[in-house]
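Participant: On the provided structure of chain G, position chain X with the ligands as indicated by the hints.
Sequences listed follow chains G and X, in order.
Adding 381 to a residue's 1-based position in the first sequence gives its number in my numbering.
Adding 19 to a residue's 1-based position in the second sequence gives its number in my numbering.
Careful: at least some of the hints might be erroneous.
Taking CB as the label site, the calculated pair distances span [said to hold, decoys possible]:
1) Leu398/G <-> Gly225/X: 32 to 40 Å
2) Ala32/X <-> His588/G: 55 to 63 Å
3) Phe172/X <-> Leu469/G: 56 to 64 Å
4) Ala559/G <-> Ile130/X: 29 to 37 Å
5) Arg332/X <-> Asn502/G: 18 to 26 Å
6) Arg332/X <-> Gly534/G: 27 to 35 Å
7) Asn502/G <-> Phe172/X: 35 to 43 Å
8) Gln456/G <-> Ser161/X: 35 to 43 Å
9) Gly46/X <-> Gln456/G: 54 to 62 Å
10) Ile130/X <-> Tyr627/G: 38 to 46 Å
11) Gly225/X <-> Arg509/G: 23 to 31 Å
12) Leu29/X <-> Gly519/G: 33 to 41 Å
13) Ile130/X <-> Thr595/G: 43 to 51 Å
14) Gly250/X <-> His499/G: 36 to 44 Å
Only part of the chain G face toward chain X is listed, based on derived beta-carbon distances under 7 Å [unchecked claim]:
15) Pro436
16) Leu437
17) Ile483
18) Gly484
19) His491
20) Pro493
21) Leu547
22) Ser548
Facing chain X, from chain G, some residues (calculated, C-beta under 10 Å) [as the list claims (entries may be wrong)]:
23) Tyr455
24) Gln456
25) Arg464
26) Ser508
27) Ser525
28) Val527
29) Leu531
30) Ser532
31) Tyr533
32) Lys535
33) Met590
34) Gln615
35) Asn619
36) Pro621
37) Val622
38) Val623
Since the hints were made in silico from the structure, they are not lab data.
Glycine included, each C-beta is placed from N, C-alpha and C at the ideal position.
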Amino acid sequence: MTPLLEIKNVSRYFGGLHAVEDFSGQVQRGERVGLIGPNGAGKTTLFNLITCFTPLSAGSVFFDDKDISSLKAYQVARLGIARTFQNLRVMPNLSVFDNVSIGALGALGHSPFSALLHHRNYAKDISRRTWDALEQAGLQGQASEVAANLSYGKRKYLEIARALALSPRLLILDEPAAGLNDTETAQLGEFVMKLSKEGLSILLVEHDMNFVMTLCERIMVMASGRKIADGTPQEISNDPVVLEAYLGSEEEEAA
Amino acid sequence: MRRIISVSLLLAAVLIVVPGILTLVGGGYWFRVMTTIGVFSILTMSANLITGTTGLMSLGHAGFYGIGAYATALLSTKFGWPFYLTLPVSGAITAAFGILLALPTMRLIGIYFAVATLGLGEIIHVTLLNWVDFTRGPMGISAIPGVTLPGVFTASDTTHYYAVAITALIAAFVLGRLTHSYYGNALRAVREDDQCAASMGLNVVGLKIQSFAFACFFAGVAGGLWAHTTGYISPGDFRFSESILILAMMVVGGLGSLPGAVLGAVILLGLPEFLRPIGDYRMIVVGAVMFFSILFLPRGLLGETPVLTVVRRQFGLAWDAKSNLGWRQ
Ligand SMILES: Nc1ncnc2c1ncn2[C@@H]1O[C@H](COP(=O)(O)OP(=O)(O)OP(=O)(O)O)[C@@H](O)[C@H]1O
Ligand SMILES: [Mg+2]
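Chain G with its partners taken away, still in its complex shape (with noise of 0.2 Å):
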């Protein structure tokens, strides 16, 4: 069977400075697969340019088969591919359930005439996802809260719970644990691994190694740009270009 993301050759040019180079990879269906790399090495652009938030500069991205490197952003998600922001992009003034709606929006579509002719069938299937995507992420509870209220770790919940409104087939996490504390790291692994075994293919980046190598089936190691590593965790861990990588980083960090 054919991988569900497979990237091809991809770049990313920011000016001179080269953020993705000649980026391939593969994510398999229903596979967990982790994306790591020192701070800057371009797995954010990375992720942008899988879900054509900002335009490759070379290359191509199939998902499901399909060339989706000129699409648009919301072309991409309404394929199937759901993303979480580093920086927790919910929205401030709406509440928990309004947010998590925006996602089903996503997924079924938004047209002035259906809330015009009050069409309730439709509102019946968004309010049907987005109680489902509550309540995957545990937040039934707080549905009618503004988000700004909710503390930070279930911030976190909300926007993979909008993102599984979209029903997505892919799901990316940028840093889901950033923040978090030990146990919420623990319980926030669980949550993600109930997820891909209802069948969820999933992306992630993540700088708690932890939660990477026990989460993950594979993982790609990324630095200044390309890829220099890809297999299990037990691979990952014992690779000396990997550890090189890593303690290199260190070394400029510290000069």
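Facilitator: Using the frame of chain G, we list chain X with the ligands on its own:
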């Protein structure tokens, strides 16, 4: 049930109580004041769709108001069209102009969009002023027929009040459904974080154009009502200062809040009338009301978040009256 009561109360207030009071206090003049407030309520409710709900600060709304007014004035004076044709057609013409003019600005955000729409408003104003063959320039267009239906009713201050009131109710109904439904959530998502909204599958440019189209439609209808009810229009009615007035009404009432838009229009136009006995000081009072309401209630007198909940509950726009959030299947 709750919905029927709310709708009945609203209709009774607008169609019976207010005109009743106006008649008691002397009719005529007060009906004209209320007609102006009604026209500006429609303008503010519609501008609120773009600026309050979708989050695009528009400073050119008076321009679209002007297009609608001139469309109606010309259609009724040159071709003798009755109000029930001029109003919707003027709305459609204005919406078409709105879409055409707005298309190039759709990629702009924040202050850039505001300045671009300010420019659009000025272009429209200057065009009305200088295209003398078509608009009669600064002389304006006079002798625009009022709202009449031969054999049924004739133009009068009362008729005009009812024409504006009923149109405002229709506008409130349409804009209310757009903003209090799930579709409204999509518009608010564009306002809160357009890039994130796009990543969640929302067609951001489409939503912006749609809100512009609906807002311009009602701005055009408001212009048409202005033309019919005053009988005379000139480019001076549709200047930048009107756009600013609309913006002020919106902010005082509460950005993104439909009842707030109406309240803003009532306060900023009604207050100067009430305070007429104190002469020129009254504008100081109006300014102070604006200043302090923003200072103490920056989200407006009727802020969006609580009003959304209340209106959804009272008018059955929520999908589940109990939780006010959505059907549980
Ligand atoms: N919009 C942009 N314009 C210019 N440079 C950018 C832009 N976005 C990212 N970069 C640069 O590209 C490089 C890669 O950034 P990116 O955010 O992808 O790294 P990252 O691997 O996600 O890092 P971190 O672990 O800190 O999140 C960095 O040097 C960054 O400064
Ligand atoms: Mg990053």
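Participant: Would you mind marking each hint as holding or not holding in the structure?
Facilitator: Here is how each hint holds up against the structure:
1. Leu398/G <-> Gly225/X: 32 to 40 Å: The hint (32 to 40 Å, Cβ to Cβ) holds, given that Leu398/G and Gly225/X are roughly 33 Å apart.
2. Ala32/X <-> His588/G: 55 to 63 Å: Holds - the Cβ-Cβ distance for Ala32/X and His588/G, about 59 Å, lies within 55 to 63 Å.
3. Phe172/X <-> Leu469/G: 56 to 64 Å: holds, 59 Å
4. Ala559/G <-> Ile130/X: 29 to 37 Å: Given a distance of about 32 Å, which is inside 29 to 37 Å, the answer is holds.
5. Arg332/X <-> Asn502/G: 18 to 26 Å: With Cβ atoms ~22 Å apart, the hint holds.
6. Arg332/X <-> Gly534/G: 27 to 35 Å: Roughly 30 Å apart at Cβ, these two residues keep to the hinted range, so it holds.
7. Asn502/G <-> Phe172/X: 35 to 43 Å: Once the Cβ atoms are compared, 41 Å apart, the range 35 to 43 Å for Phe172/X and Asn502/G holds.
8. Gln456/G <-> Ser161/X: 35 to 43 Å: violated, 52 Å
9. Gly46/X <-> Gln456/G: 54 to 62 Å: The hinted range 54 to 62 Å holds for Gly46/X and Gln456/G, with Cβ atoms some 58 Å apart.
10. Ile130/X <-> Tyr627/G: 38 to 46 Å: holds, 43 Å
11. Gly225/X <-> Arg509/G: 23 to 31 Å: Distance hint for Gly225/X, Arg509/G holds at roughly 24 Å.
12. Leu29/X <-> Gly519/G: 33 to 41 Å: holds, 39 Å
13. Ile130/X <-> Thr595/G: 43 to 51 Å: holds, 48 Å
14. Gly250/X <-> His499/G: 36 to 44 Å: For His499/G against Gly250/X, whose Cβ atoms are near 38 Å apart, the range 36 to 44 Å holds.
15. Pro436: violated, 13 Å
16. Leu437: Check failed: Cβ of Leu437/G comes no nearer than 16 Å to chain X, outside 7 Å.
17. Ile483: holds, 5 Å
18. Gly484: holds, 5 Å
19. His491: holds, 4 Å
20. Pro493: Nearest chain X Cβ about 5 Å off; hint holds.
21. Leu547: holds, 6 Å
22. Ser548: Ser548/G check fails; min Cβ-Cβ to chain X is 10 Å, beyond 7 Å.
23. Tyr455: holds, 5 Å
24. Gln456: At about 8 Å, which falls below the 10 Å cut-off, the nearest Cβ of chain X leaves the hint on Gln456/G intact, so it holds.
25. Arg464: Status holds, d = 6 Å.
26. Ser508: holds, 3 Å
27. Ser525: Since chain X brings a Cβ to about 6 Å from Ser525/G, closer than 10 Å, the hint holds.
28. Val527: holds, 7 Å
29. Leu531: Result: violated, 15 Å to nearest chain X Cβ.
30. Ser532: Because about 19 Å separates Ser532/G from the closest Cβ in chain X, which is outside the 10 Å limit, the hint is violated.
31. Tyr533: violated, 17 Å
32. Lys535: Since the shortest Cβ distance to chain X is 17 Å, the answer is violated.
33. Met590: violated, 27 Å
34. Gln615: Constraint on Gln615/G not satisfied, violated at 34 Å.
35. Asn619: violated, 36 Å
36. Pro621: violated, 37 Å
37. Val622: Hint violated; Val622/G Cβ to chain X Cβ min 33 Å, cut 10 Å.
38. Val623: violated, 30 Å
This entry does not satisfy hints 8, 15, 16, 22, 29, 30, 31, 32, 33, 34, 35, 36, 37, 38, going by the numbered hints stated previously.
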